[in-house]
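Trainee: Each chain is listed here by its residues.
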Amino acid sequence: MSGAEPAILVRGLGVRYNLTLTRRTTLKSTLARLGRRSGAPGARYFWALKNLDLTVQHGEIVGLIGPNGAGKSTLLLALAGILEPSTGSIVVDGRVSTLLTLGAGFDADLTGIENIRLAGAFLGIDGKKLEALTPGIIAFADIGDFIDAQVKTYSLGMKARLGFSIATSIAPDILLLDEVLGTGDQEFRAKSQLRIRELMTQAKAIVMVTHDLTYVTEFCNRALLLEQGRLVYDGAPDDTVALYRERVTKKTLLAAGTSGRFEGATP
Amino acid sequence: MPAGPATARRRPFGTLRQGIRDLTSRGRLIRYLVAADLKRSHADTIVGRAWWILDPLLQMIIYWILFTLIFQRTTPDFPLFLFSAILPWKWLASTLGDASTSISSRVAIVRQVQFPKLVLPAASVGAGINGFGFGLIALAFFLVPYHDRVSPWILTLPLIAAVQVVFIFALAIGISALNAFYRDVGNLLGHALRLWFYLSPALYSLESLPPGWVRTILSLNPMAPILDSYRRIIWGTDEVPHGVAPDFAALGIVLVVSLLLSVLVIVGFKRAEPAFARIL
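Note that the protein sequences, when read in sequence, are chains A and B.
Per numbering that gives the first Met the number 0, the first sequence starts with residue 0, numbered consecutively.
Per numbering that gives the first Met the number 0, the second sequence starts with residue 0, numbered consecutively.
One side of the interface only, derived from the structure: several residues of chain A facing chain B at Cβ under 8 Å: (1) A79; (2) G80; (3) L117.
None of these hints come from the bench; they were simulated from the model.
Glycine residues also receive a C-beta, built at the ideal position from the N, C-alpha and C atoms.
Please take these sequences and the hints and turn them into a complete structure.
Mentor: Below, the structure written as structure tokens:
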């Protein structure tokens, strides 16, 4: 068994959003609901993921594809421990680093360096260790003197570079990526690809969400197709991408047909 | 409250221990957040951090104008009488205001990184302590013209402040979580604080009220013994024109109540914590 522990072990995972408690919630609506005490509670929930099983081994690079709202990001959030499973269990072996939306958690009033420290503290990295990693993070981000400027002066690309550099420099055992590899200019793209390959060779598990299907076939050694919160297909990237393309085509043809514009639709 | 996750709930004692560990193990994060807050506040102003001292001074001057010129209050050394209570009140009010948005304003980080959310209101409490520290500098200047009123009892100020920290901590944690669920809390807070201020012995002392049920009810307010004690050690009493001993017994009760409240609030916060990423 030793050495064969999966990086990620998911059993019967379900994640349910409570639609009545969104950011628009006010005391009034809750009180009104409590006052009514009506039945049918099922109607107020939305299952973003349902009954999902998944085992990821160390060294695997798993691409998650599927239409918007399929539950891809929810699965990443659950793997990161940010969303608690409503049903089922998740066991993750090692330190998880999330790169969900690059740099969105930065404090705009702080400088790049200060944000590196803050992000490290949020991720729970030991102070001395982070201090040692900082030169490498700065070198990889390669944003010049901007590292000492407030993050509010950064371009989106610079924020993404710094965010990517932080997330991949802390030597995570498991890296979760959400639509982030396409950021930055050509040079940084090439650099980030190299960094990802480096992490791969260190037997790290990577789970990435992307709509860039060429990325999946190029980078991943396994791909999952999610639809409406369910795992539809799990296999080689080429097969999964082909299946997804086929289903998308069928759907668009169907949609075009029902709206009566099939004849005029461009191929 | 939202329906909790289907995972097994920990016992309250374990939850409490986890909450305390969240705070002790993330001291560095709390320090960074406090430092960031300090850096940000008044960063775009001309006099910068001097606002920390100017703010309570100006507020005190407004009340002084109102009460001595218009209401003709004859309390001796009235500015010091006011300042001794307004300073700790400002501490409470600004910390609670800060804490109310400490979680709800950090959607990005809450939704992207797994970390103990307790550090967010705790950082508000830390920033508030900083602000109060600056206020004490203002108080030191203020005491120069009123040096007749200074007595050794002023050295008990850290004790009163310690009780107040625990009280503020409990409220800050609770309000931060409630406002994450219900934004009404933040809207209500300003009004609630204003009412609470007028019901607290800041602009007057409880002794000046006629004995009766109103005075009895007002004295149940935890801020009453806190403000009264500050005033006793800084300004004195109606009979004694210099600092006297604080009301140790009443402070002790407030401390015990605040500690119990903190325990309840931490357990409640930890229970609600998994829902934050879902509802923000």
